[in-house]
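Asks: Just so you know, the protein sequences line up as chains A and B, in that order.
For reference, each letter of the first sequence is one residue, going 26 to 139 in our numbering.
For reference, each letter of the second sequence is one residue, going 26 to 136 in our numbering.
These are calculated hints, taken from the structure and not from any lab test.
Beta carbons: idealized from backbone N, C-alpha and C, even for Gly.
Keep in mind that the hints are not guaranteed to be accurate.
Facing chain A, from chain B, some residues (calculated, C-beta under 7 Å) [claimed, not checked]:
1. 66
2. 67
3. 68
4. 71
5. 86
6. 127
7. 129
8. 130
Derived lysine-lysine pairs resembling DSSO-like cross-links, with alpha carbons at most 30 Å apart [claimed, not checked]:
9. 77(A) x 93(A)
10. 131(A) x 96(B)
11. 134(A) x 69(B)
12. 87(B) x 36(B)
13. 85(A) x 131(A)
14. 69(B) x 85(A)
15. 87(B) x 103(B)
16. 131(A) x 77(A)
17. 36(B) x 77(A)
18. 36(B) x 96(B)
19. 108(B) x 134(A)
20. 36(B) x 108(B)
21. 69(B) x 93(A)
22. 103(B) x 36(B)
23. 81(A) x 96(B)
24. 81(A) x 69(B)
25. 131(A) x 36(B)
26. 36(B) x 81(A)
27. 134(A) x 36(B)
28. 77(A) x 108(B)
29. 131(A) x 108(B)
30. 131(A) x 81(A)
31. 87(B) x 108(B)
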Amino acid sequence: GNSVTQMEGPVTLSEEAFLTINCTYTATGYPSLFWYVQYPGEGLQLLLKATKADDKGSNKGFEATYRKETTSFHLEKGSVQVSDSAVYFCALNPTQGGSEKLVFGKGTKLTVNP
Amino acid sequence: EAGVAQSPRYKIIEKRQSVAFWCNPISGHATLYWYQQILGQGPKLLIQFQNNGVVDDSQLPKDRFSAERLKGVDSTLKIQPAKLEDSAVYLCASSVATGGYFGPGTRLTVT
């Protein structure tokens, strides 16, 4: 089946630290991969995406590269800010252009301290 | 562009009561989804509509949950009767194939 596994949280960092949140997936086809962010009290927002192997998604200083050989889509940011404190979800869409269902990981809570 | 609207934002009910949630997707989005997000977990798809037809309801507990999208726009999700394990945030989303567009959710607490 299709599944997403994220690193366990919570993650606590100091401002300007380097961030990595690991995400690996299992899928039967060629999925699209996503990172969503949920700020306190708000809904899910798309952070970035990649639709094929070796694609790099990027947004707001965050990056993730679709690695088919390791079935991974790790989220990175070189220098986090207090405003990045949120819950981050890795997700996949199992098919390209077909069913549009998303399969989510459990989420990783990030807290950035000043 | 207005986002996905949901109401109410919060609801507290006792077990065995019924409850309904409402969603208004982004204008023009034909595909609408309801997800259930239990505390500490990622969202799980309950049902997917394409216009006013159901595409996938395989994970919807049909003995107690129902959903409709009569005119292909707004949608309602109903739980009757509610159980304690239904406590969760219910998220509505539209057109997520290319990412994006979740509503703020309705937080349901069943006591």
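Asks: Need the list of violated hint numbers for this structure, in ascending order.
Replies: 4, 5, 10, 17, 23, 26, 28
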